[in-house]
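Chains as they are written, first to last, in our numbering: chain G, 1 to 311; chain W, 312 to 597; chain C, 598 to 1028.
Keep in mind that the hints were calculated from the coordinates and are not lab data.
The reader is advised that the hints may include incorrect statements.
Claimed, not checked - The calculated lysine to aspartate or glutamate pairs, modelled on DMTMM-like cross-linking and capped at a C-alpha distance of 25 Å, are:
1. G:Lys7 / W:Asp496
2. C:Lys771 / W:Glu351
3. C:Lys717 / C:Asp698
4. G:Lys207 / W:Glu323
5. C:Lys862 / G:Glu155
6. C:Lys771 / G:Glu75
Each chain, letter by letter, is given below.
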Amino acid sequence: MIKQSSKISLFFKKHQKSLVFWGFLAPALLAFVFTIIIPFFLGLYYSFTDWRGFGTPEFIGFENYIRLFTAGGNESIRFIYSLIITFVFAAINIVLLNIISFSLALLVTRGLKFQNFYRVGFFLPNLIGGIVLGYLWKFIFNNVVPDVTLLASGESFLMLADRNTAILGISLTWGWQYAGYLMMIYVTAIQNIPQDIVEASEIDGAKFMQRIRHIMLPMVAPAFTVTLFLTLINSFKQFDVNFALTAGGPSTEFQGLSLWGTKLISMYILDTYQVSLRPALAQAQAVIFFIVLTVISVIQVQYNKRKEIEA
Amino acid sequence: MTRKKRSTLLLEILTILLFVIFFSPFVLLLMNASKETSFEVLTDPLALTGTFAQLLTNMEEVWTSTNTQYQQAFVNSITITTGSLIAIVVASSMAAWVLVRTKSKISNLIFLLFVVAMIIPFQVVMIPLVSWFRTLRDVTGIPFLRSHFGMIFAYVGFGAPLSIFMYHGFMKSIPYELEEAAEIDGCNKVQTFIYIVFPILKPITITIMLLNGIWIWNDFLLPLLIVGKGTPFQTVPLAIVNYVGAFVAEYQFLLSAVLIAMIPVIILFLFAQKYIIKGMVAGSIK
Amino acid sequence: MKKLGFFASSLLAVTALAGCGGSSDSIYMLQNKPEIDAALQAFAEAYTEETGVEMKVTSCGGDLCQLGTQLQADIAAGEAPDIFVIDGIPAYEQYEDMIADLSEEPWVEDTDVAFKVDGKVVGFPVAIEGWGMAYNKDLIDEFNALPGVTTIDVTELTNYDAYMEAFEALDAEKVALGIDSVVSMAGGAAGMSWVTNDHNFNSLLSAGLEYGDLSVVEDLLEGTVDRTRLGYYADWVNLLFTYADETVLRTGGYNEQVGAFAEEKAVFLHQGNWVEPFLGDAEATFARGFAPHGVFPASVQETDGIFVAAPSWYVVNAQAPEARQQLAKDFLTYMATTEAGHKYMVEEAGNIPAFKSVELSPTAPLSVSVQEWAAEGKIYSWNQYYFNGDFRYNELGPIYTRLANGEITPGQFETLMTIALEGYPDFLANL
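Could you put together the complete structure from these sequences and hints?
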């Protein structure tokens, strides 16, 4: 007995480092592999089959992908439209959200009274979930805004009835939630600007806009890389607000086909899966989405990094 | 008034104005959640006809209504969120520590794997995830779908990459001498971690818990696929959607439900705002 | 480490046990009528008290929930319901393997509208439902009492021309009547497109035809479009849209559309008698009834009837364990054959019963109206469910919305519908 236990304790001692390494790593690694890695490759496989969600799938090669890019095919038209409209949505967000949040950040770093109170206040919407947010703003756009505009100008304005304003509506809604988060990133960056440089420029007589352009922006450039990256990625991944606010939204026309106009790509993929009941096709869409997303985020980060260096 | 004072005053006014505009949706929400009937809400959303008493009544109705099982969903959300946070913190801190302290090719590779996986969007794994979890359930008998366990397991998987990344960065700044000293004193590796390292991680742990907590509490897509709408295990966001779809929506109740869903996160945040803002910003810039 | 492992595995065990659902004495029912949810839940609770069988009922319908989606999610998770709903042949074919044979059930003889396929009965008829142009009789009377108007006789609203005149006249007196618009119509919002691409679409398919006449349907299933008929239909849709409240039409949900009618802000409502529970909740006491859809000009055809059918059926999951299937069948039998069941169907849920032995009659005005039309044999069939749901929603739905938004003319509407419908066989082939 004693010999056995000392053998075991020798074993443990000898391999302690290794055991601890794998033992400590195991829970996170296991969950990670099972939740992300395996489904990712499974999905890749399924996209080349006619998988129905259950049962055994049959290999059909690139058929799903071809279908998504067949010119003139309804599925292709809708898919491409969804990609394009999501691009547009991301572009709007990148400009709108960052101008707003940067301006807010500037405001709350002026040393005003109750500064911290404002910061917390602007950040508060970030705590609200997308679905809840979407329903709240749906109520506002569909029931409050028409009444207000009717009183003010005699005509009800229906934000969500027109494709263009509906997209803007999603931007505003999501922006309301996300601006606070972006603002905080800018605030920290601004606060990290060495005071002496700012003071020196003030002494030199630089005007406000000049100070922003020549001192602030360059010093804040790394923050821009982060915020633009986050805005881009999260615009593409947007689902909750889209679903609750417009549910695919008013219709519009694209390449001669009438289709639902505000189905952003995440919602489009889920709809193909759950409403059209075509999991394999949806998975192919998801794979293309992943490739597109990776490519543009790499481009964006590289572009920004270069600007950072220049600044 | 000096020019500086005037411009400061203008800025104050501007900020207050923006603040009020920013807050108006909350105000609208409160106003209309305190009304008595859906028609009251729909016919004039700007009327101040609600009362605080009515608000409490509405919230009570939402809370106790059997149609939506809001209470049940609330309990589920709390269980899942708390369980996930504990699991994520434990699993990620452990993993990050060994990855930081072990200088080997495998260690670097695995860390890289975690970081790269942060790019993978949820959409590309969500559909196969459901059938894979179902297979796991059929094979092992453990319920991966429609259970608390499945949700927590999934959240660890999704939350680990970023959490490990944040722990990793933080741990690099912990002096190794502390751990060496502990080992000389006779602690084994495990004890060193639990008694020496983990307590030092408190600030970043709180940040990670809060960041993940906000996301998990409000998450919709993953629970939709794993536990499903209208099931006994549904979470609060699912209950709200179920609420709206289950019967012709009564706006005063819908808005009350929305309000109740916001409360826990807001309370949590107000308690710990210092930590969130510092830690989250630090993590992102890195 | 060892402690952790033990703790972890016992945690697993506990959660595994806790997660174990589906005891043998419970059944899960998924249905799609949000307006009867409260009544059905109460009925299920009473059933549980009576028999000890646990009932879990989920309702998924209206503008924010699609039964098909929910059903798919349940099936994918391995928790398919024991009772769910189908609405026609495409739905039946989709779930064929999951649908049990109910031919031997005691209620089969008691109804004419069970869902039958290849000689066997597979569907329990939920209710007889009817829809048309619901109208507020009190408002019409009020209008007729106004000085200098040409009175409207609702019995003459059987063609396009009569409706056009009536709508114009009512619209001119909007202020006097206190209404926002003549018609309360929805369908613009994505979640409400079932009003247009399902119900209103049916006007094209069966208005004016004898009950059970599938000639238009069969042509369309092959991609042959009768453009003349479609042209009249386009004008009819456009008429409805023109006299509808813009906000309700373009962005309104179920609440807004029915609410406007309940609050007497509109004279006509494009829905069916299933909205009665909601109208009851809203304490809408005005007299009301159904008028036909006036699809064609008077010179072409009169359409003196409303659309009546048993449009949905409960089916039992053939892949559930035998015990659960039997429990499900027992529940349905209870609903159809006992006094409690009859009371629930007619009085609580406000349904027009599909079973001949039921002696109770619904008292809600719209349901009474449906029964009157049915008694006179002036009914048209519901045929929209012969078409694939995804097609109706994704191909046809947006076209209606574009017309509602004023982006296209009725002529263009007709063209786009033609293109879409001619492409239906291809759509099916590509599935």
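A quick look at each hint next to the structure:
1. With a C-alpha separation of about 24 Å, the suggested pair Lys7 of chain G and Asp496 of chain W falls inside the 25 Å cut-off, and the hint holds.
2. The hinted pair formed by Lys771 of chain C and Glu351 of chain W meets the criterion: a straight-line CA distance of about 22 Å does not exceed 25 Å.
3. At most 25 Å may separate the alpha-carbon atoms for a hinted pair to count; Lys717 of chain C and Asp698 of chain C meet this at roughly 7 Å.
4. The suggested pairing of Lys207 of chain G with Glu323 of chain W holds, with an alpha-carbon distance near 20 Å, which does not exceed 25 Å.
5. Simply put, Lys862 of chain C and Glu155 of chain G have alpha-carbon atoms about 18 Å apart, close enough for the 25 Å limit, and the pair holds.
6. In summary, the hint linking Lys771 of chain C to Glu75 of chain G is not supported, as the alpha carbons are separated by about 45 Å, beyond the 25 Å threshold.
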